[in-house]
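**Q** Protein chains in written order, with my numbering: chain A, 1 to 280; chain B, 1 to 280.
Worth flagging that the hints you see were computed from the coordinates, not collected in a lab. The structure presented is a predicted model; accordingly, all values stated were derived computationally and were not measured. A hint or two may mislead.
What the hints assert, rightly or not - Listed next, the in silico DMTMM-like pairs over lysine to aspartate or glutamate satisfying Cα-Cα at most 25 Å (straight line): (1) B/LYS113 - B/GLU154; (2) B/LYS265 - A/GLU126; (3) A/LYS242 - B/GLU269.
Stated by the list, open to error - To be clear about the criterion: a stretch of chain A counts as covered by chain B if any three or more of its residues have a C-beta under 8 Å from a C-beta of chain B, and this derived list gives those stretches: (4) 137 to 148; (5) 226 to 233; (6) 236 to 242.
Yeah, the Cβ is synthetic: ideal placement off N, Cα and C, and Gly gets one too.
There are 2 protein chains.
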Amino acid sequence: MIFSRIAVLAPGLIGGSAALAATQAFPKAQLALWTRRAESVPAIRQLMPNADVGTDPALVRGSDLVLLAAPPSVLPSLVQSILPHLSPTTLVTDVSSIKESVEKAVAPLLQGKARWIGSHPMAGSEESGLAAARTNLFQKAPVILTPASSTSSETLRDATTFWQALGARVITMSPSEHDAQVARISHLPHCLAATLVLAAGTSPLSLAGSGYRDTTRIAGGPASLWSEILLGNRSEILASLKTFGTSLARLTTALEKGDATALTKLLEEAAQVRRTLPTP
Amino acid sequence: MIFSRIAVLAPGLIGGSAALAATQAFPKAQLALWTRRAESVPAIRQLMPNADVGTDPALVRGSDLVLLAAPPSVLPSLVQSILPHLSPTTLVTDVSSIKESVEKAVAPLLQGKARWIGSHPMAGSEESGLAAARTNLFQKAPVILTPASSTSSETLRDATTFWQALGARVITMSPSEHDAQVARISHLPHCLAATLVLAAGTSPLSLAGSGYRDTTRIAGGPASLWSEILLGNRSEILASLKTFGTSLARLTTALEKGDATALTKLLEEAAQVRRTLPTP
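My request is simple: use the sequences and hints to build the entire structure.
**A** Right, here's the structure in full:
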């Protein structure tokens with residue numbers, strides 16, 4: 001597949017980074033950047049002077065790939081607005097952290113109008129917005145593609161080509177498997193980082209070393225987006241919070257009993273798992 | 001105070017980094033490095049060719065500063081072994097992450113034999129051992145000094161001078177206040193990082209993005225040392241785990257109820273606190 005025109009809708013940290021990376025990966029492609037707010041146009045033009053930038057959904061016309069970078073709740077209306085400008089060969093994907101609800105909301109709208117597959121780039125930061133976008137955000141980052149049973153192998157292949165060209169490591173699984181796995185590896189850490197910040201309080205912040213800094217980094221992320229993500233995957237997250245509670249009870253009991261053997265064993269189990277994490 | 005001879009006992013990540021930083025901060029000082037294990041001597045000599053290195057506690061003789069870098073449980077016997085070689089003007093300090101129990105164990109031994117003050121450099125990493133030592137470990141890192149009521153202002157001043165010369169940001173508080181604050185800002189994060197690793201499990205590790213990576217980094221630390229630290233401060237840690245449980249229940253309830261307003265409010269509170277963290 002040739003990417004001669006690539007549209008990114010609602011470029012913030014993720015979409016903006018994808019647009020920047022795409023200009024490097026596909027130097028001959030024309031970028032089209034759509035934003036809902038006219039006041040965002042100048043900043044986008046400044047970042048990407050050669051792109052078509054504007055607030056008219058017709059900007060997506062002629063695009064080989066359309067990347068929906070808006071929050072999940074906005075996707076249905078956003079997709080509705082671009083439907084007249086899509087062709088059956090257009091590849092449409094998104095960047096949402098939740099996939100089953102997005103699949104249910106978006107796939108039917110695009111049926112027969114374009115080729116659709118969900119994407120979740122596991123890259124990001126506590127920062128947000130276009131100002132935080134950077135060309136190398138996806139280098140070696142996992143991107144999960146979530147084909148449905150109806151997704152063609154060509155659509156999966158083309159989406160894989162796109163994300164790999166941006167430097168990502170592509171992993172494929174069903175939307176529901178995605179939501180179960182990501183609940184544990186991403187949404188649970190977010191819940192705990194936020195809760196830890198609240199529990200640690202503000203008084204000792206001047207003492208914070210790199211441990212606190214790293215453990216809580218993601219808690220600085222945008223609250224409304226994360227609220228939407230967590231609620232969009234709440235049954236899986238509640239299940240992972242239950243598992244977490246069981247492990248935490250094990251640690252608490254070892255501390256209460258002063259049981260050095262049990263505590264060391266638990267910490268060693270965790271350290272061994274953590275050390276198997278592939279280096280980025 | 002002039003640091004003409006500086007002894008570091010049991011140099012690993014922290015002690016080794018302090019020795020490396022001290023050779024830069026005090027270029028005229030003679031470093032003396034003591035290790036319990038004869039087989040460690042060659043590696044220490046290789047890292048610091050100009051230092052006096054050996055297994056004889058008499059190495060500390062003539063030192064202006066003695067830095068005890070061994071785990072807390074070892075400190076009493078280590079201090080006993082060097083007592084004959086100290087002078088009343090020698091400044092002795094440590095690097096333990098727990099301070100009240102160390103103060104009670106070490107201060108009486110050194111009474112009248114040397115000048116003592118507890119130190120806790122809040123620097124470190126998931127790595128451990130001398131191989132992980134680096135000169136800049138303490139740059140801008142918080143170092144908490146924990147004077148007791150009997151500690152002289154000269155002792156506090158001299159210890160401050162030492163750590164500041166190594167690049168650290170010195171903060172002073174009592175041993176008990178230290179243990180309460182550090183329980184929340186360091187020991188609680190460690191407990192949660194380890195528990196999160198166990199709860200997230202191993203299957204989705206290939207999906208891990210920077211969020212999981214950072215949130216769990218410290219869980220890779222040495223289990224036996226951390227077990228000792230956590231048990232040495234367990235009443236404060238159990239109190240902070242209780243506070244954490246209250247915050248976690250608040251988040252869980254918001255998720256269970258699907259209460260977007262409550263969840264966003266909680267996440268926004270956490271994000272606001274996190275954003276006040278001073279940049280390192």
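**Q** Flag every earlier hint the structure violates by its number, smallest first.
**A** The structure conflicts with no hint, since it agrees with every one listed earlier.
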